[in-house]
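S.K.: Spelled out from the first residue to the last, the chains are:
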Amino acid sequence: MSDLPPEAFAAALAALPGVGPARLAQLLADTDAESAWRRVAAERRPRPGDEVVAAGWAALGAAGVGVSVLGMPGYPPALVDDHEAPAVLFSKGGMAAIEGRRVAIVGTRNCTRYGRDVAFELGRDLAANGVRVVSGLALGVDGAAHSGALAAAAKGGGPPVAVVGSGLDVVYPRRHAALWRQVAEAGVLLSEAPLGAAPEAWRFPVRNRILAALAEVVVVVESPHAGGSRYTVDAAMARDRPVLAVPGPVRSPTSDLPNALLSEGCHPARDALDVLVALDLAPSAPSTSQTDRRPPPDATGSAVLDALGWQPASFEHVVVATGRAPGEVGLALAHLERDGWVVGSGGWWERVAPA
Amino acid sequence: MAQALTRGSTREEPLVIATVPSATLLGAEGRPVSIEVHVSNGLPGFTVVGLPDAACRESRDRVRAALLSSSLPWPLKRVTVNLAPSGVRKGGPGLDLPIAVALLVAAGELPATCADAMAFLGELGLDGSLRAVPGTVPMVAAMAAKTVVVPSGSGREAAVVGRHEVRCAATLRELVDALKGDEPWPDPPPPQASPPGGLSAPLDLADVRGQPVGRTAVEVCAAGGHHLLLCGPPGAGKTMLARRLPGLLPALSDDLALEATTVHSAAGVPLPADGLVRQPPFRAPHHGASAVALIGGGSAWMRPGEISLAHGGVLFLDELGEFPGAVLDSLRQPLEEGVVRLSRARGSVTLPARFLLVAATNPCPCGRGGGEGQCRCGPAARSRYRRRISAPLLDRFDLRVVVSRPDSATLVGGEPGEPSAAVARRVAEARQRAAERGVRCNADLPAGKLDEVAPLAPAALKLLEYKLRAGTLSGRGLHRVRRVARTLADLAGEGSVVGEEHVCLALGLRGDAGIDEAVA
Numbered sequence: 003m004s005d006l007p008p009e010a011f012a013a014a015l016a017a018l019p020g021v022g023p024a025r026l027a028q029l030l031a032d033t034d035a036e037s038a039w040r041r042v043a044a045e046r047r048p049r050p051g052d053e054v055v056a057a058g059w060a061a062l063g064a065a066g067v068g069v070s071v072l073g074m075p076g077y078p079p080a081l082v083d084d085h086e087a088p089a090v091l092f093s094k095g096g097m098a099a100i101e102g103r104r105v106a107i108v109g110t111r112n113c114t115r116y117g118r119d120v121a122f123e124l125g126r127d128l129a130a131n132g133v134r135v136v137s138g139l140a141l142g143v144d145g146a147a148h149s150g151a152l153a154a155a156a157k158g159g160g161p162p163v164a165v166v167g168s169g170l171d172v173v174y175p176r177r178h179a180a181l182w183r184q185v186a187e188a189g190v191l192l193s194e195a196p197l198g199a200a201p202e203a204w205r206f207p208v209r210n211r212i213l214a215a216l217a218e219v220v221v222v223v224e225s226p227h228a229g230g231s232r233y234t235v236d237a238a239m240a241r242d243r244p245v246l247a248v249p250g251p252v253r254s255p256t257s258d259l260p261n262a263l264l265s266e267g268c269h270p271a272r273d274a275l276d277v278l279v280a281l282d283l284a285p286s287a288p289s290t291s292q293t294d295r296r297p298p299p300d301a302t303g304s305a306v307l308d309a310l311g312w313q314p315a316s317f318e319h320v321v322v323a324t325g326r327a328p329g330e331v332g333l334a335l336a337h338l339e340r341d342g343w344v345v346g347s348g349g350w351w352e353r354v355a356p357a
Numbered sequence: 032m033a034q035a036l037t038r039g040s041t042r043e044e045p046l047v048i049a050t051v052p053s054a055t056l057l058g059a060e061g062r063p064v065s066i067e068v069h070v071s072n073g074l075p076g077f078t079v080v081g082l083p084d085a086a087c088r089e090s091r092d093r094v095r096a097a098l099l100s101s102s103l104p105w106p107l108k109r110v111t112v113n114l115a116p117s118g119v120r121k122g123g124p125g126l127d128l129p130i131a132v133a134l135l136v137a138a139g140e141l142p143a144t145c146a147d148a149m150a151f152l153g154e155l156g157l158d159g160s161l162r163a164v165p166g167t168v169p170m171v172a173a174m175a176a177k178t179v180v181v182p183s184g185s186g187r188e189a190a191v192v193g194r195h196e197v198r199c200a201a202t203l204r205e206l207v208d209a210l211k212g213d214e215p216w217p218d219p220p221p222p223q224a225s226p227p228g229g230l231s232a233p234l235d236l237a238d239v240r241g242q243p244v245g246r247t248a249v250e251v252c253a254a255g256g257h258h259l260l261l262c263g264p265p266g267a268g269k270t271m272l273a274r275r276l277p278g279l280l281p282a283l284s285d286d287l288a289l290e291a292t293t294v295h296s297a298a299g300v301p302l303p304a305d306g307l308v309r310q311p312p313f314r315a316p317h318h319g320a321s322a323v324a325l326i327g328g329g330s331a332w333m334r335p336g337e338i339s340l341a342h343g344g345v346l347f348l349d350e351l352g353e354f355p356g357a358v359l360d361s362l363r364q365p366l367e368e369g370v371v372r373l374s375r376a377r378g379s380v381t382l383p384a385r386f387l388l389v390a391a392t393n394p395c396p397c398g399r400g401g402g403e404g405q406c407r408c409g410p411a412a413r414s415r416y417r418r419r420i421s422a423p424l425l426d427r428f429d430l431r432v433v434v435s436r437p438d439s440a441t442l443v444g445g446e447p448g449e450p451s452a453a454v455a456r457r458v459a460e461a462r463q464r465a466a467e468r469g470v471r472c473n474a475d476l477p478a479g480k481l482d483e484v485a486p487l488a489p490a491a492l493k494l495l496e497y498k499l500r501a502g503t504l505s506g507r508g509l510h511r512v513r514r515v516a517r518t519l520a521d522l523a524g525e526g527s528v529v530g531e532e533h534v535c536l537a538l539g540l541r542g543d544a545g546i547d548e549a550v551a
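Here the protein sequences line up with chains A and B, keeping their order. Under the numbering used here, think of the first position of the first sequence as 3, with each following residue one higher. Under the numbering used here, think of the first position of the second sequence as 32, with each following residue one higher.
For the record, the hints were derived by calculation from the structure and aren't laboratory data. Keep in mind that the hints are not guaranteed to be accurate.
As the list claims (entries may be wrong) - These stretches of chain A come out as covered by chain B in the derived footprint (C-beta under 8 Å, 3 or more residues):
1. 194-203
2. 326-336
As the list claims (entries may be wrong) - Distance windows between CB atoms, simulated:
3. B:R436 - A:D308: 20 to 28 Å
4. A:A153 - B:G444: 51 to 59 Å
5. B:G398 - A:A153: 44 to 52 Å
6. B:R436 - A:G102: 29 to 37 Å
7. B:R456 - A:D341: 25 to 33 Å
8. B:A459 - A:A327: 17 to 25 Å
9. A:P251 - B:P450: 34 to 42 Å
10. A:A327 - B:S321: 14 to 22 Å
11. A:P297 - B:S374: 32 to 40 Å
12. A:G96 - B:D426: 23 to 31 Å
13. A:E202 - B:S421: 44 to 52 Å
14. A:S265 - B:G398: 29 to 37 Å
15. B:A490 - A:A156: 35 to 43 Å
16. A:D308 - B:S527: 46 to 54 Å
Glycine included, C-beta positions come from ideal geometry on N, C-alpha and C.
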């Protein structure tokens, strides 16, 4: 027997090659972590000794990563009763952030500006009402939702909760390195992958069940029909969690899943208020919507806005759709952008909703 | 200039040297070479010295066979051929003919003075026929002699230079008879029709249906010399638009035409019927092209690459993203300077390379394109695809436009577009205005001169200030937009001040074509 805590053995077990979430749950189901470790280690050649456990434990401490084991004190109550609860959960940040009302905001990485804006606003307004925004820190919708939640958390809103697919020391995607750090500081980062685990493709659908288990309500912002969000939705439905969907243009492939969910009977999430109603919460923060103060567009401007619709369009598309001269359209777009009706980025023009 | 020296010596046979001027090719430049042949007693043999390349060394066998087939004697003596200056590397088969002539003079078969003030150039066939060699124009230009003698097939090319009396012969026998004075010089060949595979009639812009933005972009590109990037799904008409660009450009000026002709000749590309390349060339290398094929170099005499062949015209790179990155980046210096400097251990050459770069690319790997979230490619795949074109190269394109497939109604029932002739007239007028400012075209306007020649209307200034403050336009982008706006104002026939509508359209035509990394 050693003086290492059982969490150290559980973590070492999770880090063994060939031990995935399912095998780990099986191993820890009917025995304590230390005996499970000894049984598995005895079958391995060369046999890993206690020094491996101690080194792993020290590395976790150095990285500031906490370990919670299912069935032991400190394990998040929100997950205890879940039938697919992770046997070992690694965390970075304050575990207390999980305590409270939680809403998962999920969606595709390949989102439109519309999806990004809606996710940001939902994240911001929900966090402002004290809700914990749970998401996956991926590019696109996930990142936008957390950026919004962080903006509100800085003003005393609910802390963000992220469940990631890689080890907590492997920042993925790297473009979100700053966001990753801010979430760990303001809220908590969770993962069932051991330190150093690469962001392998199989980990993400598996991770999505934790998202669904943690959330009381799941909001799908934008996702193609067969996107990764489908796993989260299925996992949430299997747990009888309400799923809300953000309505999108019927022709937008990225709104396929939310629109299909709406037709199946899910409630729409038009703004944070819809989500708060699903949580049985009354809004405490004032709504941010207000009357449109933008100067009304002129005749050409209106034609250009109609041609744009709510999807990104190239300059050429607008010229063809309006049938006007390129010079005239260029002038109209410039005026609309100045007045806040559209934004142009990377050659694409998009309408913006009133602030 | 041929001269034979016969000196009395103590030996039985006289010691004989003959010298004949010719030229060799390096890059697109001719270098004068003088062929010295020395015939002496000794073991019969034939040696070529003075840094000949393989083709040059092999001339021994061609010359011997050609002499024998032309019923001319082969001296059973020791023959040494020196290619002076002996420090310069000589390449190509063009020295066959001068070697043969010098040999005949040295062997006493031709009178010593018959080839005075004459330079020779040409390849010999085994049957004694004379064959044209690539690079006739620059090599003839390097010759100081009053008369040049070339194979009949090179007559037109040699005449392009215009400084020499050009004599042609079809066979070595004809040439020898003419040199001896037994027969008159054969007539130069009549001008023939353009060789197959050469430049054809330009395509007309009227064939392009729809495409309002693409058409505008091509017109601005031609008028202002702005490089153009077309981005669109397969079948959108990118190549169709690009191929119509040479028809919009004015014909090459005399100087430019001679430079282009020189390069074409040096690369062995067939010349048009009248000899001079007057029509702006259009070169469209496949994306498998190597850096050397594009830039030039490679062989000992540094063949001009595609960018030099496009001198004065259009270089069209289809599927820009498929070109290797290193190949594309090698374009940056020529784009900036209008020449390409090739340096090798043996020497360096400067080739002209002032071309209009037109590139086409798909918006993403699946080709469907669209804004964020509109195609099936993930953000990582899209950004990888975009990164294939380096930012500095992307920056060279003043015009980056998205073109999409016109709908079927436009294709089938649509009105034919404006014909090239009408657009070319506007282009010529706009180029004339640019010339009055002292630049070749508006793309060359120095940034410091923009305030003077392209002052902005107050509304245009306000708009650009807004763009700069919002961070959607960089300082360098500002200059590029102003140059394009200047061209647009010129095309519209408007005076000195650049209005807001021109700046707006310039901004629209500079849309990043979905190529720049979208900031998440």
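S.K.: Return holds or violated for the Cβ distance of A327 (chain A) and S321 (chain B) against the range 14 to 22 Å.
M.R.: This hint is violated: roughly 43 Å between Cβ atoms.
S.K.: Can you let me know if the beta-carbon spacing of D308 (chain A) and S527 (chain B) is within 46 to 54 Å?
M.R.: Violated: the Cβ-Cβ distance is about 37 Å, outside 46 to 54 Å.
S.K.: Given the range 32 to 40 Å, decide if the beta-carbon distance of P297 (chain A) to S374 (chain B) lies inside it.
M.R.: Distance hint for P297 (chain A), S374 (chain B) is violated at roughly 60 Å.
S.K.: State, for the Cβ atoms of R436 (chain B) and G102 (chain A), whether the hinted interval 29 to 37 Å holds or is violated.
M.R.: For R436 (chain B) and G102 (chain A) the Cβ distance comes to about 51 Å; the hint is violated.
S.K.: For the range 25 to 33 Å, tell me whether the beta carbons of R456 (chain B) and D341 (chain A) fit it or not.
M.R.: violated (38 Å)
S.K.: Honestly, do A490 (chain B) and A156 (chain A) meet the 35 to 43 Å range at C-beta?
M.R.: Holds, at about 39 Å.
S.K.: Verify the CB-CB distance for G398 (chain B) and A153 (chain A) against the hinted window 44 to 52 Å.
M.R.: violated (37 Å)
S.K.: That 34 to 42 Å hint for P251 (chain A) and P450 (chain B) (C-beta), does it hold up?
M.R.: holds (40 Å)
S.K.: Just to be sure I understand the hint, the distance between the Cβ atoms of G96 (chain A) and D426 (chain B) should be within 23 to 31 Å; is that true here?
M.R.: Distance hint for G96 (chain A), D426 (chain B) is violated at roughly 46 Å.
S.K.: Against chain B, does the segment 194-203 of chain A show at least 3 residues with beta-carbon separation below 8 Å?
M.R.: violated (count 0)
S.K.: Can the suggested window of 17 to 25 Å be confirmed for the beta-carbon pair A459 (chain B) and A327 (chain A)?
M.R.: Holds, at about 22 Å.
S.K.: With a cut-off of 8 Å between beta carbons, are at least three residues of the segment 326-336 of chain A near chain B?
M.R.: Coverage by chain B holds for the segment 326-336 of chain A (9 residues, Cβ < 8 Å).
In summary, the structure is inconsistent with hints 1, 5, 6, 7, 10, 11, 12, 13 and 16 from the numbered list given earlier, while agreeing with the others.
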